[in-house]
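Taking the hints into account, I'd like the entire structure generated from these sequences.
In the order they appear, the protein sequences are chains A and B. Counting from 1, position 185 in the first sequence corresponds to residue 185 in this note's numbering; the numbering is continuous, with no gaps. Counting from 1, position 249 in the second sequence corresponds to residue 249 in this note's numbering; the numbering is continuous, with no gaps.
Keep in mind the hints are simulated off the structure, nothing from the lab. Being a predicted model, the structure only gives us computed values, none of them experimental. Note that CB positions come from ideal geometry on N, CA and C, so glycine has one too. Hints may contain errors.
Stated by the list, open to error - In silico EDC-like pairs for lysine to aspartate or glutamate, Cα to Cα no more than 16 Å straight-line:
| # | chain 1 | residue 1 | chain 2 | residue 2 |
| --- | --- | --- | --- | --- |
| 1 | B | K512 | B | E204 |
| 2 | B | K123 | A | D49 |
| 3 | B | K279 | B | D297 |
| 4 | B | K150 | B | D85 |
| 5 | B | K508 | B | D85 |
| 6 | B | K150 | B | D137 |
| 7 | B | K153 | B | E334 |
| 8 | B | K389 | A | D33 |
| 9 | B | K152 | B | D85 |
| 10 | B | K372 | B | E334 |
| 11 | B | K196 | A | D264 |
| 12 | A | K2 | A | E293 |
| 13 | A | K171 | B | E217 |
| 14 | B | K279 | B | D401 |
| 15 | B | K258 | B | E238 |
| 16 | A | K8 | A | E293 |
| 17 | B | K183 | B | E204 |
| 18 | B | K123 | A | E93 |
| 19 | B | K212 | B | E75 |
| 20 | B | K196 | A | E93 |
| 21 | B | K258 | A | E158 |
Stated by the list, open to error - Computed Cβ-Cβ distance ranges for the label pairs, DEER-style:
| # | chain 1 | residue 1 | chain 2 | residue 2 | range |
| --- | --- | --- | --- | --- | --- |
| 22 | A | L159 | B | Q513 | 19 to 27 Å |
| 23 | A | F12 | B | N255 | 57 to 65 Å |
| 24 | A | A69 | B | P395 | 54 to 62 Å |
| 25 | A | A69 | B | K153 | 29 to 37 Å |
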Amino acid sequence: MKAYLAKKLLAFPVILIGVSLLIFVSIRALPGDPARMMAGPEATQEAVDHMRTRLGLDLPLVTQYAHFARDVLHGNLGLSLQSQQPVTQEIGERLPYTLALAVLAYFLAIVIGVPAGMMGAIYRNRWPDYGVMLLAIAGASVANFWLGLMAMNTFSVELGWLPLLGASSWKSYILPSVTLAVLPMAVMARMTRSSMLDVLSEDYIRTARAKGLSAMSIYCSHAFRNALIPIVTIVALNFGSLVGGAVVTESVFNWPGIGRLLVDSVRYRDYPVIQGVALVAVCGVVLMNLLGELLIALLNPKIRFE
Amino acid sequence: MKGFRTIGCPGRLTLLGCALLGALASPAYSATLTVMQNEAPRSMDPGNQTATFTATVLDPMYEGLLKMSPALKLEPALATSWSSDASGLVWTFTLRSGVTFHDGTPFNADAVVSNFARHLDVKRGLAASGRLRTFIDSVTKVDDRTVVFKLKKPYPAFLNLLTTGACLMVSPTADKAGTLDSKAVGTGPYKMVQYKTGEYVLEEKNPGYWGKSDGPEDIKWTWSSESSVMNMALQAGEADVINPVPPQFARMLKNNPKFVLHESPGASVFWVALNTQLKPLDDVRVRQALNFATDRDGLVRAIMSGFATPANSPLAPITPGYDKSLNPYPLNIEKAKALLKEAGYANGFSMSIAVQGADARIGQVLQSMWAKIGVKLDVRQMESGVWTKAAFADPAGKKADGTGAILASWSSGVSGADLQLRPLYYSGSFAPTGANLGFFSDAKLDKLLDTAASTLDENARNQLYVQAQQEINLQAPQVLLYYQNDLYATGANISNVWMIPGGNVIVKDAHKQ
Chain A
1 MKAYLAKKLL AFPVILIGVS LLIFVSIRAL PGDPARMMAG PEATQEAVDH
51 MRTRLGLDLP LVTQYAHFAR DVLHGNLGLS LQSQQPVTQE IGERLPYTLA
101 LAVLAYFLAI VIGVPAGMMG AIYRNRWPDY GVMLLAIAGA SVANFWLGLM
151 AMNTFSVELG WLPLLGASSW KSYILPSVTL AVLPMAVMAR MTRSSMLDVL
201 SEDYIRTARA KGLSAMSIYC SHAFRNALIP IVTIVALNFG SLVGGAVVTE
251 SVFNWPGIGR LLVDSVRYRD YPVIQGVALV AVCGVVLMNL LGELLIALLN
301 PKIRFE
Chain B
1 MKGFRTIGCP GRLTLLGCAL LGALASPAYS ATLTVMQNEA PRSMDPGNQT
51 ATFTATVLDP MYEGLLKMSP ALKLEPALAT SWSSDASGLV WTFTLRSGVT
101 FHDGTPFNAD AVVSNFARHL DVKRGLAASG RLRTFIDSVT KVDDRTVVFK
151 LKKPYPAFLN LLTTGACLMV SPTADKAGTL DSKAVGTGPY KMVQYKTGEY
201 VLEEKNPGYW GKSDGPEDIK WTWSSESSVM NMALQAGEAD VINPVPPQFA
251 RMLKNNPKFV LHESPGASVF WVALNTQLKP LDDVRVRQAL NFATDRDGLV
301 RAIMSGFATP ANSPLAPITP GYDKSLNPYP LNIEKAKALL KEAGYANGFS
351 MSIAVQGADA RIGQVLQSMW AKIGVKLDVR QMESGVWTKA AFADPAGKKA
401 DGTGAILASW SSGVSGADLQ LRPLYYSGSF APTGANLGFF SDAKLDKLLD
451 TAASTLDENA RNQLYVQAQQ EINLQAPQVL LYYQNDLYAT GANISNVWMI
501 PGGNVIVKDA HKQ
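Pasting the structure below:
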C-alpha cells in the first residue's frame with residue numbers, strides 16, 4: 001500500500017507542471033487584448049502600450065511562463081489586474097464558499113442518489129425503478145442554468161421562502177446547493193443501480209440467499225459493498241463536472257465563490273486570476289481523483305497489490 | 001455497514017463548512033439602499049476606468065470641481081467659482097475651503113494639481129487619461145485656494161468634463177500609496193466600507209461631509225450579468241434599484257404598481273459602422289442603399305420592445321447641436337435597389353458584420369431586412385473580448401478578416417457633440433487608436449469638427465454641428481439604428497433617484513420608505 005501511495009503521490013507534481021503549462025498557453029491563446037481592455041476603448045495606443053508593459057505582457061512567452069512558474073512555487077499567484085489584490089487572497093476569500101457548496105451538493109447527491117439507485121436495482125422493472133430512472137434522466141438532462149432560474153423564481157420571487165442571491169444566511173445555501181446537486185445525484189443514482197444489478201446477479205448473492213440471510217443483510221453488506229467500487233470511481237471522477245457546474249450555478253445565484261470569480265475574470269481578461277483559479281480547480285480535481293483511487297485501493301485489495 | 005460510514009463522512013464536513021461560513025456571512029444592514037447593475041465595477045479609481053456602470057458606483061464617493069444638477073446644469077462642487085479669459089484658454093478656479101478627503105488628507109490647490117498631474121504623466125498609463133491629455137496643457141497652483149488651468153486649445157466640453165471620470169478628485173495620499181484601485185478615497189457624501197470583488201461594494205454616509213446629504217445610511221452595490229436575475233432581485237425585494245432594465249422586462253415592470261419604471265431619452269447611439277475601405281462598401285451608393293433598406297421603426301419594435309427611438313443623426317437627441325429635422329433615409333426598398341443597381345450590384349453582394357453576443361438578434365434582424373435587396377449578411381457573433389479585438393482592428397486586420405461591418409454603440413453623455421463625432425468619424429481617429437471603426441475619412445467633416453471645437457459661441461458651434469451631421473448622413477459611413485432609452489427601475493417605496501443620460505444612475509440622495 002505504501003508503494004502504491006508513493007507512486008501516486010510522485011505523479012502529482014508532474015501532472016501539475018503539465019497542467020500549469022497547459023493553462024498558461026491556453027489562456028494566452030484566448031483572443032482579446034487585456035491591455036486594450038484595461039485601458040478602455042478611448043485610450044491612446046501609447047496608454048495601451050504602457051499598460052502592456054506594466055502588466056508584463058510585452059515579455060516573451062517563455063519568460064512570462066518562467067516568472068509564473070517561479071511565483072507559483074513561492075505560493076504567489078500574482079496580482080489581479082482588475083482589483084490589484086493578490087490572487088491568492090482573492091481565491092482564499094472565495095474558496096470556502098465554493099467548497100461549502102460543493103460539499104453540500106455532494107452530500108445531497110450521495111445521500112439521495114445512492115439509495116435511490118439501490119431502490120431502482122432492488123425493485124427492478126417495477127414502478128419505483130421507473131420513477132427513479134425517469135427522475136435520473138431528467139436530472140442528467142436539465143441545464144443547470146435553467147433549473148437555477150426556475151428555482152429562484154419559484155422559491156424566492158413567488159413563494160418568498162428563500163433568499164434569492166448571495167450567501168447572507170444558511171438559507172442562502174439551499175437553492176444553489178440543490179441546483180448543483182441535481183446532476184451528480186442523477187449520475188450516482190444511475191451508476192448505483194447498474195452496479196448493484198451487476199452484483200445482484202453474481203453467484204455469491206445466490207449463495208447468500210440460499211443460506212437464508214435477510215434481504216437487508218444481502219443488499220447492504222454483500223451487494224452494496226461490492227457495488228461500491230464503480231460508485232466511488234464515479235464520485236471521484238465527477239468532481240470535475242461539479243467544478244464546471246459550480247461556475248454556472250455561482251454565476252446565476254451571485255454566489256461569491258471561485259466559479260463566479262472565474263467568469264468575471266475571463267470577461268476582463270484578468271490573466272493572473274484566470275490562471276490562479278484554473279490551477280486551484282485542477283489541483284482540486286487531481287486531488288479528488290487521487291483520493292478516489294486510494295479509496296478504491298482500500299476497498300479492493302486486488303488493486304493495491306497489483 | 002462499513003460502506004455507509006465511508007459515505008457519511010462528507011456530512012460532518014458540511015456542518016463544519018456551514019458553521020464557518022455562517023460566521024463569515026455579512027450582517028444585515030438597516031436603511032441600506034441596494035442597487036443592482038449588469039456588470040462588476042472595474043476599479044475604485046475614477047481615473048483608471050471609463051465604464052458607465054462603474055462611474056455610478058463611484059459617484060457617491062467622489063466629487064469634481066463642478067457637478068451636474070438633476071436639471072443637467074453645471075453647479076459648483078469642490079470649486080465655488082470659476083472664470084476664463086477671453087480666449088477660453090486660461091481658466092481660474094476658486095476652491096472650497098474646509099473640505100477633507102475620507103482619509104483626512106486636506107483638499108486644496110496641491111491636491112488638484114496632483115490629481116491632474118497623474119493624468120498628464122504619460123508614464124502612469126491610467127485608463128481615463130487620454131481625453132484630458134489632448135487639450136490640457138498645465139494645471140498650476142496660485143495659492144492654497146486657487147488653481148489655474150491652461151488649455152492647449154479652446155475646448156467647449158471642458159467644464160462638463162470636470163464633473164466626471166478622470167476629473168473626480170482622489171486623495172493624493174491614497175494615490176501615492178497605490179491603493180485606489182481597490183479602496184476608494186474621495187470627498188463625497190459616502191465613503192467606502194468594503195469592496196468584496198465579485199460580491200458587493202458597500203458605502204456608508206460620510207459624517208465629515210462638507211455639504212448636505214440626506215440619502216440612505218448605506219448604499220450597497222451588487223451586480224449580475226443575467227438580466228432575468230436582476231429582474232427577480234427587484235421583485236423579491238433584494239434590490240431597490242436595478243440599472244439598466246432590459247427592454248423585454250420593461251413593459252411588465254411598467255404595469256406593476258409595486259415598481260416604478262423610469263424611462264428617459266438616452267445618450268447611447270446604436271449604429272453599424274461600415275468598413276469604407278472594403279469593396280463594395282467603399283461606394284457611397286452601396287452604403288446609402290443599406291440605409292434605405294433598414295426599417296428602423298421595425299427594429300425598435302422587434303428588438304427594443306418600443307423602448308428606443310429610431311436614429312436620424314449620429315448625435316443623440318440629448319446632445320447639444322442635435323438636429324431633429326434630419327430624416328435622410330426613410331425605408332425605401334425600391335430606392336435601395338436602384339442605388340445598388342447604379343453601383344453595379346443589381347444582384348446584391350455578401351458582407352459580414354461583427355456583433356457581440358448580446359446584440360446577435362439585431363444582426364439577425366438586419367440580415368432579414370437587407371436580404372430584401374439581395375445583400376447576404378454573415379452575422380459573426382462574438383464574445384465581448386473577441387469583439388473588441390475585431391472591432392478595433394486596423395485597416396489591414398479588418399481586410400484580412402473580411403470584416404465589412406461592426407455593430408457598436410457609443411455614448412458621450414451630455415459632454416457635447418465633439419466627444420461623439422470626433423472619436424467616431426474624424427480621419428485622425430482610425431481604429432485601433434480611435435473608434436473610427438469603418439475608417440471614414442472626409443476632409444469637409446474634419447474641417448467642420450475642428451472649427452466647431454474651437455468655436456466658443458454656443459449657437460455658432462451648434463450650427464457647425466448641424467452641418468457635420470448632414471455631411472455624415474450624406475456620406476453614410478454607417479447605418480444608424482436607434483437611440484436606446486435609459487431604463488432603470490426602483491421599488492415603489494424609493495424616491496429621489498435620478499439619471500444623467502447614458503445610464504448614470506444617481507442614488508446618493510435616494511429616500512427609502
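Hint check results:
1. Simply put, B/K512 and B/E204 have alpha-carbon atoms about 15 Å apart, close enough for the 16 Å limit, and the pair holds.
2. Straight-line distance between C-alpha atoms of B/K123 and A/D49 comes to about 10 Å, which keeps the hinted pair within the 16 Å bound.
3. With a C-alpha separation of about 29 Å, the suggested pair B/K279 and B/D297 falls outside the 16 Å cut-off, and the hint is violated.
4. Simply put, B/K150 and B/D85 have alpha-carbon atoms about 10 Å apart, close enough for the 16 Å limit, and the pair holds.
5. With a CA separation close to 35 Å, the supplied pair B/K508 and B/D85 exceeds the 16 Å bound.
6. At roughly 5 Å between alpha-carbon atoms, B/K150 and B/D137 fall within 16 Å of each other, so this suggested pair holds.
7. Proposed proximity of B/K153 and B/E334 is contradicted: the alpha carbons are some 47 Å apart, above 16 Å.
8. This hinted pair checks out: B/K389 and A/D33 have alpha carbons roughly 7 Å apart, not beyond 16 Å.
9. Taking the CA atoms of B/K152 and B/D85, the gap is about 14 Å. The hint holds against a cut of 16 Å.
10. This hinted pair checks out: B/K372 and B/E334 have alpha carbons roughly 10 Å apart, not beyond 16 Å.
11. A hinted pair counts as satisfied when its Cα atoms are at most 16 Å apart, and B/K196 with A/D264 qualifies at roughly 13 Å.
12. As the CA atoms of A/K2 and A/E293 are separated by approximately 14 Å, the hinted pair is consistent with the 16 Å bound.
13. As the CA atoms of A/K171 and B/E217 are separated by approximately 26 Å, the hinted pair breaks the 16 Å bound.
14. Under the criterion of a C-alpha separation no larger than 16 Å, the hint pairing B/K279 with B/D401 is consistent with the structure, at around 13 Å.
15. Between B/K258 and B/E238 the CA atoms are separated by roughly 14 Å; this keeps the pair inside 16 Å, and the hint holds.
16. Proposed proximity of A/K8 and A/E293 is supported: the alpha carbons are some 9 Å apart, at most 16 Å.
17. With a CA separation close to 13 Å, the supplied pair B/K183 and B/E204 stays within the 16 Å bound.
18. A threshold of 16 Å between alpha carbons decides the hint, and for B/K123 with A/E93 the separation of about 33 Å lies outside it, so the pair is violated.
19. With a C-alpha separation of about 15 Å, the suggested pair B/K212 and B/E75 falls inside the 16 Å cut-off, and the hint holds.
20. About 9 Å separates the Cα atoms of B/K196 and A/E93, which keeps this hinted pair within 16 Å; it holds.
21. At most 16 Å may separate the alpha-carbon atoms for a hinted pair to count; B/K258 and A/E158 meet this at roughly 14 Å.
22. For the pair A/L159 and B/Q513, the supplied restraint of 19 to 27 Å holds, since their beta-carbon distance comes to about 25 Å.
23. Taking the beta carbon of each, A/F12 and B/N255 are about 59 Å apart, inside 57 to 65 Å as hinted.
24. In this structure the supplied range 54 to 62 Å is violated for A/A69 paired with B/P395, their Cβ-Cβ distance being about 39 Å.
25. Taking 29 to 37 Å as the suggested C-beta distance range, the pair A/A69 and B/K153 does not conform, at roughly 50 Å.
Figure legend: structure checked against the earlier numbered hints; hints not met, in rising order: 3, 5, 7, 13, 18, 24 and 25.
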